[in-house]
Each structure stands twice: as C-alpha cells, then as structure tokens.
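This note's numbering applies: residue 1 is where the sequence shown begins, and numbers increase by one.
Just so you know, the hints here were simulated from the structure itself, not pulled from any lab data. Everything hinted at is true.
Now the in silico label distances, taken between C-beta atoms and shown as ranges:
1) HIS94 with ARG67: 22 to 32 Å
2) ARG65 with GLY86: 26 to 36 Å
3) GLY191 with CYS93: 18 to 28 Å
4) GLU109 with ALA56: 13 to 23 Å
5) GLU98 with ARG67: 11 to 21 Å
6) SER231 with GLN49: 46 to 56 Å
7) VAL190 with ALA71: 35 to 45 Å
8) ASP167 with SER47: 41 to 51 Å
9) ASP40 with LEU230: 36 to 46 Å
10) PRO171 with CYS93: 35 to 45 Å
Fair warning: this is a prediction, and the values are worked out from it, not measured in the lab. Ideal Cβ placement from N, Cα and C applies to all residues, glycine included.
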Amino acid sequence: MVNSPCVAITGASGALGQALLRRWHHRGARLIALSCGPRDLELLDGSGQAIPLRDATWCVGDEERLRPLLAEVDILVLNHGINVYGNRSQDACHRSLEVNALSSWRLLELFAAVVVERQTAADPAAPRPRAEVWINTSEAEIQPALSPLYELSKRLLGQLVSLRVLDLAGPQLRIRRLVLGPFRSALNPVGLMGADFVAGEILRQARLGCNLIIVTPNPLTYVLMPMATLSRWLYFKALTRG
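Whole structure, please, built from the sequences with the hints as guidance.
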C-alpha cells in the first residue's frame, strides 16, 4: 500500500462502513465517507479522539456528481446496499437492483474512467500509485441469504464485475471483490460475525495481495466462490469482446 492513500467508502454510515473507516484511519489513510442523504458522521478512535474525515453525499442514479471527488481517490470501496427481505413488489425490485447492483456498477465504470483521465494528465516524473476498487458483492452471490431480491441483485453485481473486469482491470486499476458472510449490522442484526472483525480480515487479506477476499464462517464459500469466479471469467472471455 502507498503511504497516506485517499480512501472513499460508500455506505459509510453502516456498521461495516464505519469499521472500515476506523481500520483505514489506523493505517494513516485520508478518509472520505460517502453516504446517501445529508448527515455528519462522527467517529472516534480507540482513545476517544475524533477521526478526521470528509463527509460527502450522493444519490443512487446521480453517480456522475461524484466525478470531481473521485479524482482525489486512490481506493474506492463500494459497500452500500439495502435488504428488502421478503418484499417482492415492483418498487422493492427496482430499489434492490438500483442500490445493490446498478449503482455500484456505474460507480465502477465512472472511477475507471476518472483513473484513465488523471493518469493521462499526470506528471510522468511523479506518477500516482495504482488505483483500486473494492466491491462488496456478498456471499449472496452464490449462497442463500433468506432474501430473494438481495440474492438476485448481488448475483447481478457479481456477474457485472466478472464481465467488466476483463476490460477495466489492468496496470492503472486493481479490482478486488469482497465476498462476506453474515455480520451484525442494521441490515442483519443477527449476523454471526462482528463488523470490526470483518473489516480487519478484509484489510489483512488485501495486504496479502488477494483480489478475491472472502470472510465467512461457511467453509463451502471458500471452495465455491473461486470456482464460480474462474468459470465466469473463462465464459465471458471466450464469448465476449471489448
């Protein structure tokens, strides 16, 4: 990792978003908390001191407004999402697909374009470090989550990531997929894992160089997810072109 990276995290007001902000703060990162809706996020470190961070708001469907902000970002963590549980109404379908899948896909595409633009304009004598996107697709990509629309939307996001990584990942941009099991949050108050533990595991595996980061108590996911990711990559590479 580079010294003092600028890290932006969506879903920053949620349990995992806040845990990731704290973990990144301990690593000396400059932080941007991205939330839907106006709010002032105040986080304290272990000694009770306020963690310095910038708040920014955005709306699903209006990702383009974040373009100037993303020009400053080294690592973008796409962590936002909703869970409508058993609701299968038209509105629930629309919101689940937009929030859980399409908004993250649009932000991925936008950040990739921003990275190309700033790399082109960069001073050759002082190049920026390789940018990264971390995308929380969830264990629901391949495992039941007792919430059909959550599963459908996360599987769509996983498929889109597998497809677009063929063109977007490269020397300028690294894409990491976060496959997380049930952790305690407002979306899942009975999760088996703590958000801070999950955040710590995410950063630990990132330090090891993993692009597929899996944190779950379910041993099947550690077997099935790499197989699913590889099979999609081969399938899309064989049957599509950029």
